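**Student:** Sequence:
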Amino acid sequence: MNTTAATGAARPPAPETRTGVPRVPLAERLPLLLVPVLALATLPLVGSLPTWATLTVAGLAMGMIIFIIASGLTLVFGLMDVLNFGHGVFIALGAFVAVSVLAPLGGLTEADSMALNLVAVGAAMLVAMAVAAAVGLVFERLIVRPVYGQHLKQILITMGGMIIGEELIKVIWGPQQIPLPLPQALRGSYFVGDAAIEKYRLIAVVVGLAVFLAMLWVFNRTKIGLLIRAGVQDREMVESLGYRIRRLFVGVFVAGSALAGLGGVMWGLYQQNVVPQMGAQVNILIFIVIIIGGLGSTAGCFIGALLVGLMANYTGFLAPKVALFSNILLMVAILMWRPQGLFPVARR
Numbered sequence: 339m340n341t342t343a344a345t346g347a348a349r350p351p352a353p354e355t356r357t358g359v360p361r362v363p364l365a366e367r368l369p370l371l372l373v374p375v376l377a378l379a380t381l382p383l384v385g386s387l388p389t390w391a392t393l394t395v396a397g398l399a400m401g402m403i404i405f406i407i408a409s410g411l412t413l414v415f416g417l418m419d420v421l422n423f424g425h426g427v428f429i430a431l432g433a434f435v436a437v438s439v440l441a442p443l444g445g446l447t448e449a450d451s452m453a454l455n456l457v458a459v460g461a462a463m464l465v466a467m468a469v470a471a472a473v474g475l476v477f478e479r480l481i482v483r484p485v486y487g488q489h490l491k492q493i494l495i496t497m498g499g500m501i502i503g504e505e506l507i508k509v510i511w512g513p514q515q516i517p518l519p520l521p522q523a524l525r526g527s528y529f530v531g532d533a534a535i536e537k538y539r540l541i542a543v544v545v546g547l548a549v550f551l552a553m554l555w556v557f558n559r560t561k562i563g564l565l566i567r568a569g570v571q572d573r574e575m576v577e578s579l580g581y582r583i584r585r586l587f588v589g590v591f592v593a594g595s596a597l598a599g600l601g602g603v604m605w606g607l608y609q610q611n612v613v614p615q616m617g618a619q620v621n622i623l624i625f626i627v628i629i630i631g632g633l634g635s636t637a638g639c640f641i642g643a644l645l646v647g648l649m650a651n652y653t654g655f656l657a658p659k660v661a662l663f664s665n666i667l668l669m670v671a672i673l674m675w676r677p678q679g680l681f682p683v684a685r686r
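The numbering used here numbers the first residue of the sequence shown as 339 and each following residue consecutively.
Derived by calculation from the structure, the hints in this document are not laboratory data. Note that the structure is a prediction, hence the values are computed from the model and not measured. Every residue gets a Cβ at the ideal spot worked out from N, C-alpha and C, and that includes glycine.
Pair by pair, the computed Cβ-Cβ distance ranges are:
#1 L371 x L547: 16 to 26 Å
#2 L378 x L464: 34 to 44 Å
#3 N558 x L368: 21 to 31 Å
#4 L579 x Q515: 49 to 59 Å
#5 L547 x P517: 19 to 29 Å
#6 A379 x S527: 23 to 33 Å
#7 Q610 x M452: 16 to 26 Å
Using the sequences and the hints given, assemble the complete structure.
**Tutor:** Here's what the structure looks like:
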């Protein structure tokens, strides 16, 4: 039965415009306005335009990094119906792999050339994604696969997997906090008038936007993406057409782990230090983003991450003691408005 309508009937098709393009209902476009509305609403509260611009770019950068991390998890839940509470271990793993990769590349990271710095960071990202993907494959086979369709067991066993993963990270890299400084050319800020825009935060925005556009292209322009979207909405139909949905499951889990590794590198550089527990520390923001956006929705995850990043930075400036609580309040408010999230995915 299609869950898009309370009566069980299919939702009627959207009316078309004169060009033949389906008209998107206003109610479905409203969530797209939340990010600019939140940004503009805080301008009078902040008071200073340069400070507001700095906070806004910082919030967008934080949101983009959270999106990269959370997008893999929302895909895993959307297609596989798996509650993976061990997702944080791939974040920490990616960050620590970056530490090991960047350590011998001091000649590149300490150079004043932006290009050389980006080569070093790019190499760390690629290696971190490869390692996280490989570990994700093992994690899926040994931990997740035996508990498909059993949500309570999934929560318990994946949390156990994360604890074991954190302990293994401590064995390899040690339990102490390790600095992960920004490369030389990525330090400092650009000045637009009186507003200071940090260089790395601009790069984080660009990378996050590139990942989002790449995911949109894969889901809308490739066969594998169409199969994933179809599998989210109606798994039985995809299997009846002869496609092996299990392979899609494994591929999505591995891709989600790789994205978490990439996000771990970016989060470590954002914080400029890494600790074995960093994945668990970020987990609460990830789940807030996924719930706000709608389980299984990439677009919802993107909008939700930007809202969380902006809210954290604005409230961190205006009322630091309630920064985390503000995101929980944001989640509650959105769920009261749209109980299934901003962009709920129709499933059968």
